[in-house]
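Peer 1: These protein sequence lines map, in sequence, to chains A and B.
Residue 334 in the numbering used here sits at position 334 of the first sequence; the count goes up by one each step and never skips.
Going from the second sequence to the numbering used here is simple: count from 1 and add 487.
It is worth saying that the hints were derived from the structure and are not from the lab.
Quantities reported herein were computed from a predicted structural model and do not represent experimental measurements.
All clues stand as given, with none of them false.
Covered by chain A, per the in silico footprint, the following chain B stretches (three or more residues, Cβ under 8 Å):
| hint | stretch |
| --- | --- |
| 1 | 498-509 |
| 2 | 529-535 |
Listed next, with one range per pair, are the computed distances between beta-carbon atoms:
| hint | chain 1 | residue 1 | chain 2 | residue 2 | range |
| --- | --- | --- | --- | --- | --- |
| 3 | B | S500 | A | V183 | 46 to 52 Å |
| 4 | B | A503 | A | K31 | 36 to 42 Å |
| 5 | B | F499 | A | I143 | 35 to 41 Å |
| 6 | B | S500 | A | E253 | 26 to 32 Å |
| 7 | A | W187 | B | S500 | 40 to 46 Å |
| 8 | B | T493 | A | I109 | 42 to 48 Å |
| 9 | A | G182 | B | A503 | 42 to 48 Å |
| 10 | A | L138 | B | T493 | 32 to 38 Å |
| 11 | A | L105 | B | I497 | 34 to 40 Å |
| 12 | A | F367 | B | T493 | 40 to 46 Å |
| 13 | B | T493 | A | I181 | 52 to 58 Å |
From the three backbone atoms N, C-alpha and C, an ideal C-beta is built for every residue, glycine too.
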Amino acid sequence: MDKKKGTIRHWFQAGWFAFTNGYFRGYTSGKIYTGNTKVLCVPGLNCYSCPGAVGACPIGALQAVIGNPSYRISLYVFGFLALFGTLFGRLICGWMCPFGLVQDLFYKIKVKGKKKNLPGHKYLKYLKYVILAIMVILLPMLILNQAGIGQPWFCEWLCPSGMLLGGIPLTILNEGFRSAIGVRFAWKLIVLLGLAGCATWFYRPFCKYLCPLGAIYGFFNKVSTYRLVIDEEKCIKCGACQRACGMDIKTWETPDSSECIRCGDCMRACPKNAISSTWCMAKEKLVSRCFVDDTETEIKENAVVTNVLFVSILAVIMGIVVIVAMVDEGLLYQYWLRYSLEGSDEIGLYAYIPPMFGLLSGGMLLFTGIYGILGRQDANKVKTLREKYRISLISGILIFVLSAVSVLIFGVDAIGGILGMNAEALGGILGVVIVPPFLMGISRILGDSMDNDGKITKKVKLFILYFFAVLFIAAVAFLVGVDLKAY
Amino acid sequence: MMNNKTRNIITFSLLAVSLILIGLGVKTGEYEAVLNKAINVCMECIGIG
Ligand code: SF4
Ligand code: SF4
Ligand code: SF4
Chain A
1 MDKKKGTIRH WFQAGWFAFT NGYFRGYTSG KIYTGNTKVL CVPGLNCYSC PGAVGACPIG
61 ALQAVIGNPS YRISLYVFGF LALFGTLFGR LICGWMCPFG LVQDLFYKIK VKGKKKNLPG
121 HKYLKYLKYV ILAIMVILLP MLILNQAGIG QPWFCEWLCP SGMLLGGIPL TILNEGFRSA
181 IGVRFAWKLI VLLGLAGCAT WFYRPFCKYL CPLGAIYGFF NKVSTYRLVI DEEKCIKCGA
241 CQRACGMDIK TWETPDSSEC IRCGDCMRAC PKNAISSTWC MAKEKLVSRC FVDDTETEIK
301 ENAVVTNVLF VSILAVIMGI VVIVAMVDEG LLYQYWLRYS LEGSDEIGLY AYIPPMFGLL
361 SGGMLLFTGI YGILGRQDAN KVKTLREKYR ISLISGILIF VLSAVSVLIF GVDAIGGILG
421 MNAEALGGIL GVVIVPPFLM GISRILGDSM DNDGKITKKV KLFILYFFAV LFIAAVAFLV
481 GVDLKAY
Chain B
488 MMNNKTRNII TFSLLAVSLI LIGLGVKTGE YEAVLNKAIN VCMECIGIG
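Work the whole structure out from these sequences, hints included.
Peer 2: And the structure:
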């Protein structure tokens, strides 16, 4: 089981990357995506100049607003950083950052003389705060050109994510960029290659010493909803957790260390099972949810049922909203466009496809919700599988928050209609909203076929595959919808 | 160490604050600056110029 859980993390990282960089046409055309979703920040260090990126990099966006003469201080981006930080802390680093994944993969390369830390680790780890203060905030704010605009210094001189996700693919795919390569390109390439080499021998050197985003999320580790909990009674202070930890943390002493990327390796390494994780709950409650055995009491069982009920009700509401919106904003709007505007013959029947897709998903959402409400008692069978429960909960929370934020933001940019949001926004919300209720439904269906001690069976693998399949379909539907709208 | 209740209170207040910040950013039109930056290739990011 141990190894597999680590593997799940890598699959999640890859799936997340595909999801947030899913504009496939970008990879063939050498142009970046220009849709409205780019108003939203993604949690990880994911360059917006990546041809596939569908969101904005928070560090890039922060520098852009700070360097902008009309603002200088960014409430908006700090809001996103605080939101992501409070929800996840550095769980983002362990699970949702493309450059974290890249370094993890390099560290897998088998070479002699691997070490966790660079020499001078004790002091070097503070370097990232210096970079945050100077390159991300002060220089863009204080050094201005004639127009009063500050440059994004971190992007310009240091960020390896921009080079890897943006610079390399764009110069390969786009003749115009290729012909403009100069000294800075060479410098950034050297930085990237140096870090990649370094990451082969040392664990995540960029995250440990340089990344300003990791530094920000580190502040939140102590108060984020996701935390590690040590059971003091079980812990024998053997240090197995620290030996397993790539970030070299004494987990039993500082489970909320700002360096912890919440990868979960320590939990697996602990011989006494003394480390567990929680989403903002008291420890006793956590234990009741995750380690239930047959002797547990009734109240504890109901906790799971209540959760299923909650998500199911949300699914029903969202299902109805999506259906109404798709009929009103999608089908009727297209119909109206087609027959009331001149020259609208060019719109073509394609335009009906995205709303039909949406209608279908809304229907499924509604169905899953009703199904979940009716069968909620069966959820008691789910509780024994800690792994599965966690996956559904993490994705559920994540996705509903994302959708809430998009409603908030796109609501402003409205084109009318009863929901006050445009079709693109709806597509985006749809893409993210459809997943969790499905997860719940499917995990419930699979629930009774799991081992009691949480072993991962074939069905769980199937379930994870299914999860990514739905994500993938939702992303494609969304992007197709946006693309068609452009014609 | 903080007890759990204090921590949860801080956490939820921070969540509220973050949503308010985002809301304010939308109101002041800051989101447009972000969108504008994000939909144009950033020359600094890709090391050109
Ligand atoms: S420290 Fe930075 S690069 Fe590393 S995983 Fe976190 S956000 Fe990504
Ligand atoms: S591995 Fe477990 S028992 Fe050993 S020190 Fe860490 S938490 Fe305590
Ligand atoms: S303390 Fe545990 S979860 Fe945190 S980085 Fe180390 S091994 Fe990963």
